[in-house]
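Residue numbers (the numbering used here), protein chains in the order written: chain A, 1 to 399; chain B, 400 to 694; chain C, 695 to 1019.
It should be emphasised that the hints constitute simulated quantities derived from the structure, not laboratory data. Positions of the beta carbon are idealized from the N, C-alpha and C atoms, including for glycine. Hints should not be assumed to be uniformly reliable.
Said to hold, decoys possible - Each computed DSS-like pair below joins lysine-lysine, with the alpha-carbon atoms no more than 25 Å apart:
1. A/LYS26 - A/LYS114
2. A/LYS363 - A/LYS217
3. C/LYS783 - B/LYS496
4. A/LYS114 - C/LYS783
5. C/LYS894 - B/LYS496
6. C/LYS894 - C/LYS1013
7. A/LYS26 - A/LYS314
8. A/LYS26 - A/LYS61
9. C/LYS1016 - C/LYS894
Claimed, not checked - What follows is a list of derived Cβ distance ranges for each label pair:
10. A/ALA213 - B/VAL473: 51 to 59 Å
11. A/VAL398 - C/PHE853: 29 to 37 Å
12. C/LEU726 - B/LEU585: 23 to 31 Å
13. C/GLN909 - B/GLN409: 50 to 58 Å
14. C/PRO901 - B/LEU585: 22 to 30 Å
15. B/PHE589 - C/LEU726: 58 to 66 Å
16. B/GLN409 - C/PHE1003: 24 to 32 Å
17. A/ALA284 - B/ASN467: 19 to 27 Å
18. B/HIS499 - A/SER364: 47 to 55 Å
19. B/VAL473 - A/GLU263: 19 to 27 Å
20. C/PHE839 - B/HIS499: 31 to 39 Å
21. B/PHE589 - C/PRO1018: 44 to 52 Å
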Amino acid sequence: MKLTTFMTATATAIMMAAAAQATDVKIGVLNDRSGIYADLSGEGSVVAARMAIEDFGAAAKGINVTVVSADHQNKPDVASTIARQWFDQDDVDAIFDVPTSSAALAVNQIAREKNKVFVNSGAAASDLTGAQCSPNTVHWTYDTWALANGTGSAMVATGADSWFFLTADYAFGHALERDTAAVVEASGGTVVGAVRHPFPGQDFSSFLLQAQASGAKVIGLANAGGDTVNAIKQASEFGITQAGQALAGLLIFLTDVRALGLETAQGLVLTESFYWDLNDDTRAWSARFAERMGGQHPTMVQAGVYAGVLHYLKAIEADGQAADGGAIVARMKEIPTSDPLFGEGEVRVDGRKLHDMYLFRVKSPSESSGGWDYYETVAIIPAADAWRPLDQGGCELVQ
Amino acid sequence: MFELLGIPPQALFGQLLLGLINGSFYAILSLGLAVIFGLLNIINFAHGALYMMGAFVAWMLLNYLGLNYWWALVLAPVIVGGIGIVIERTMLFRLYKLDHLYGLLLTFGLALIFQGLLRNGYGISGLPYSIPPQLSGGQNLGFMFLPNYRAWVVVASLVVCFGTWYMIEKTRLGAYLRAATENPTLVGAFGLNVPLMITLTYGFGVALAAFAGVLAAPIYSLNPNMGADLIIVVFAVVVIGGMGSIMGSIVTGFGLGLVEGLTKVFYPEAASVVIFVIMAIVLLLKPAGLFGRAV
Amino acid sequence: MADATQVTTVRQSALGLMPASHRIGFVVLFGLLLAAPFLGFYPVFVMKIMCFALFACAFNLLLGYGGLLSFGHAAFFGGAAYVSAHAAKAWGFTPELAVLLGTATGAALGLVIGFFAIRRSGIYMTMITLAFAQMVFFFSLQAPFTGGEDGIQAVPRRFLFGVFDISSDFRFYFFVLAIFAIGMLLIHRIIHSPFGQVMKAIRENEPRSVSLGYQVPRYKLALFTMSAALAGTAGATKALVFQLASLTDVHWSMSGEVVLMALLGGVGTIFGPVVGAAVIVAMQNYFASFGAWVTVLQGVIFVLGVLLFREGIIGVIGKWLKKPL
Chain A
1 MKLTTFMTAT ATAIMMAAAA QATDVKIGVL NDRSGIYADL SGEGSVVAAR
51 MAIEDFGAAA KGINVTVVSA DHQNKPDVAS TIARQWFDQD DVDAIFDVPT
101 SSAALAVNQI AREKNKVFVN SGAAASDLTG AQCSPNTVHW TYDTWALANG
151 TGSAMVATGA DSWFFLTADY AFGHALERDT AAVVEASGGT VVGAVRHPFP
201 GQDFSSFLLQ AQASGAKVIG LANAGGDTVN AIKQASEFGI TQAGQALAGL
251 LIFLTDVRAL GLETAQGLVL TESFYWDLND DTRAWSARFA ERMGGQHPTM
301 VQAGVYAGVL HYLKAIEADG QAADGGAIVA RMKEIPTSDP LFGEGEVRVD
351 GRKLHDMYLF RVKSPSESSG GWDYYETVAI IPAADAWRPL DQGGCELVQ
Chain B
400 MFELLGIPPQ ALFGQLLLGL INGSFYAILS LGLAVIFGLL NIINFAHGAL
450 YMMGAFVAWM LLNYLGLNYW WALVLAPVIV GGIGIVIERT MLFRLYKLDH
500 LYGLLLTFGL ALIFQGLLRN GYGISGLPYS IPPQLSGGQN LGFMFLPNYR
550 AWVVVASLVV CFGTWYMIEK TRLGAYLRAA TENPTLVGAF GLNVPLMITL
600 TYGFGVALAA FAGVLAAPIY SLNPNMGADL IIVVFAVVVI GGMGSIMGSI
650 VTGFGLGLVE GLTKVFYPEA ASVVIFVIMA IVLLLKPAGL FGRAV
Chain C
695 MADATQVTTV RQSALGLMPA SHRIGFVVLF GLLLAAPFLG FYPVFVMKIM
745 CFALFACAFN LLLGYGGLLS FGHAAFFGGA AYVSAHAAKA WGFTPELAVL
795 LGTATGAALG LVIGFFAIRR SGIYMTMITL AFAQMVFFFS LQAPFTGGED
845 GIQAVPRRFL FGVFDISSDF RFYFFVLAIF AIGMLLIHRI IHSPFGQVMK
895 AIRENEPRSV SLGYQVPRYK LALFTMSAAL AGTAGATKAL VFQLASLTDV
945 HWSMSGEVVL MALLGGVGTI FGPVVGAAVI VAMQNYFASF GAWVTVLQGV
995 IFVLGVLLFR EGIIGVIGKW LKKPL
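So that you can see chain A by itself, here it is in the shape it has in the complex (with noise of 0.2 Å):
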C-alpha cells in the first residue's frame, strides 16, 4: 500500500472511532418498586445502575449514557409492555434488573425480538439460559440452580444429609424443590419427605409441624418472599431450630433477614452471591451506596445491576455503538467481566454470568454487632463448580 493511502486510511478510521466514540446510549431499569420485591431492588437498583455510569467514566469517554426506571408490578404483562414501549417508542438499548422470573421471561422474548439487551439480575428462572436462552440476554447474579446447589450441596456437605421441602405450590417452588432435591441426592443425602402449601400463603403451623414430625435434619423452605418470612417466622415460634432442625432459605435476599430479625432468623442458611461485607472492595462499594440510599445495604440484586451495568458499558466502549444488542452482547461474552462486587468472571456461550456464590449463616443477635451485620460466611463456592453445566441447560446456543 503507498504510503499516502496508508495515511489517509489511518486518518480516517481514527476520525471514524473518534466520531463512533459519541455514543447515545439509554439504559432502562426495570423491577418492581411498590410491591415484594421493591426493598431487593426497585429504586437501589437505579442508583447501582447510576453508580455504575459514574465509576466508569461514561461521561469522559464521550457515552452519553441516560437511565429510565419503571415499575413492572410483578406482572408478566406489564413489564412486556414497558418493555415494548421502551425499545419501540423510547429508545432503550437495554434493559436492566427485572426481579420475577415471569416478567423476566417475557422481557427475554421482548429483546430477542427486537435485538436489544437484556441484563438480568432479580430473577430466578434457570430457563433464561437453558430452554429460554437467547443471544440478546445475559443472566448476572443467581439463578434456581445455583441455589439449590449452593445450599443443597454445601449443607449435605456438613453433615445436613436429611432434607424436608416445604414448597409452594407453583412452578417456581417446583422447580427449585426439584433442583434441590436432585442436588442432595446427588451429594448423598436423602429426601425425607415434602410437602406443599398454597401460594401464597399465610400460615405455615400445619405444613411446620408435618416438617418437625418427619425428624429431617433440613427443613428447606422451596418458596420466596413473603411465604419464607411468614414460614421462618412460624418456625421460631414452633421452637423448630431451636430443638434442632435446620431451616435452609431456597430463595431469601437481604431484606428479607432484616425483615425477620435476627432473633427470629438466626441459624438460617442461605445461598447469595454478594454480601456488603465480603471484603474491602464490597465493603467500600456499598458503603457509598447505603450513603446515597440513606443507610440501606445493598443486596446481591442491586449489586448485579452494578456489576451488569458496568460491563455492558465496557462493551459498548470496545464495539463503538449501542444499537446492534446481539453484538453487544456477544461482547460482553468476549470480555472477561472484573468488578469489585464480584470480582473477576466471565460471561458463557448460554448468557449465564459466571462467579463465585456464598453459603451464608445468619449471626445470631449476640454474634452480631448490630446495624446490617446480618450474615456470617459459611462456605465458598468457586464459580467452576456453581452453575449448571453448559451442556445440561438446553440452550440452542451451545454447540
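Start from chain A and add chains B and C according to the hints.
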C-alpha cells in the same frame, strides 16, 4: 393406634388444633364484618386493610413510643377504631341510602389508599415484631408442641367473640343497636341518638379488626399486604355464616379453621380454595347462610 | 316534552335505529381509533385500551343494564386469554379462530357460573361469582397448560384467515380495532333490542316482570352469558396483543379493576366504560415509575368516584348534555 385414612391420630389432632387457632383470626375478623354488615348494611371491604393497620399501629407504638404488646392490644383498636369513626362520619354515612355496591366500592378504594400509603412508607418486605416474652415458649402436648402464644390467641379471641355476641344479643345496648338498624326513624323518635350508635358500631367493628391485627403481628409477616388476600376469605366466612348473624360468623370462623386444618392434612394444595367451594355450596342450598335470617 | 322525547327514543331504539347521540359517539370513537396509529400513538398502548374497554363494556352490560354486580369477571377474561393463547401457540390457531375460541370459552364459563349465580340476588350473587372466579384462579394456578406463574409466553400472531400477515403491531392494530368495533356495536344492539328492554324492566322491578310472565332467570342467564362471552373476546384478543396470558388475568384484582373502570366511566352508559378503561390504562402506563402511588391514586379515584361522581365521567357529561350516552 388406629390410623384415619393413613394419618395417625396425633398428627390429626395437631392439625385440628392449629386449624382452631387459625379459626380464631377468621372468627374475630368475620365478627367485625358481620357486626358492620348486620347492623349497618355496609360491606366493609376495608376490613383487611384495617386489620393490617392494627398490626402497624402496634409496631409503631413499640418503635416510636416504646409501648409494648400489652399496651398495643388496648391502644391499637382504640386508635384504628377512631380512624374508622372518622371514615364513617366523613364518607360512609352518605352512602347508607344507596345500593350496597357503593359502600363496597368506597371501602375498597379506602383499602387501596391505606395499603399504598403504608407501602410507600414502610416497604413491602415486612417489619419485625416479636412475641412478648411473657407468652414465648410452649407446651409439649405429646402429639405436638403448642406455642404459648397460639394458645393465647385462641383464648383471647374466644373471650372477645363471645363477649361481643353477648353484648349484642343479650344486653339492652345491643337491643337498641339492633332496633336502630331495623327501624332508625322509630328508634330515633324514641329519643335515642341513632347516628351516634351507628358511628360507634362501625368504630367497634373496625376496632375488632385492629385487635385481630395486633394478635397477628408477632406471628404473621407484618406487611401492608397482610390483609389483602385474607379479606376475601373472611367475606366467604361471613357469607357462609349468614350476613347478619353474629353467632354465625363466630362459629363459621372457627369451623373454617378446622376444615382448612383437615384439608391441609389430606390435600394441602386445595387449602386456600376449599372455603370458596363450601361458600358456593352453602349459598346454593341455604342462601341466607347457615345461621342467617332470610333477608 | 321530556316524556314524549323518551317515548320516541325508546321506540326508535327498539326498532334498532340508533339515537343521534350514540351515532355521533360511535363515529367520533371509531374515527379517533382509526386515526390513532397515524397520529403517532403507540399502537400497543391503544390496543390495550381497546381490549380493556371491551372488557369493561361487557361487564357494564351486566351491571349497568342488568343490575347484576359480578366480582368474578376476571374468570371469563383470563380463562379466555389462556385458551386463546394455548390455541394460538400449541394448536396453530389463526388469530380470528383463537379469538372465537376465547369467546366460546367465556360463554361456556359464563353459562356455568351464571347458572349458579343468578339463583341468588344482590350481594349473595356477587359472592358466588367471586367464589367461582377464585376456583378458576386456583385451576389456572395448578393446570399444567397455563404455565403457572410464568403464564403462556411467546404466543404467536399467525396469518389472519391463513392468508394475511398481521404480525406487525401496526397491522394487528386494525384487526383489534375491528373486533372492538364489532363488540361495541353488538353490545349496543343487545341493549337497544326487545331483549334489552326486558332486562331493563327486570332491573327496575323484578317482581313486576315476573308477574307479567317473563321467564326472569332465563333472561338473566342469557345476559350473564353474553356478558361473559364478550369479556372472553376481550381476553382472547388481549392475549394475542401482548402475546402472553398470565395469572394476572384471572386474579380477583382484575375483577376489581374492571369494576373501577365501569364506575369511573359511568355505569349504565354505552361509552362510559370505554373512557374509564382508557383513563385507568393510561394511568397505569404513565405512572408506572411512581410505584405504589398508583395504588393510592386508584384508591382515591374509587373514593371520589363513589362520593362525588357516581354517574362517572360520561354519566356526568351525559347529564349535562341531557342526552343518553
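query: Against which earlier hints does the structure fall short, listed by number upward?
result: 3, 10, 12, 16 and 17
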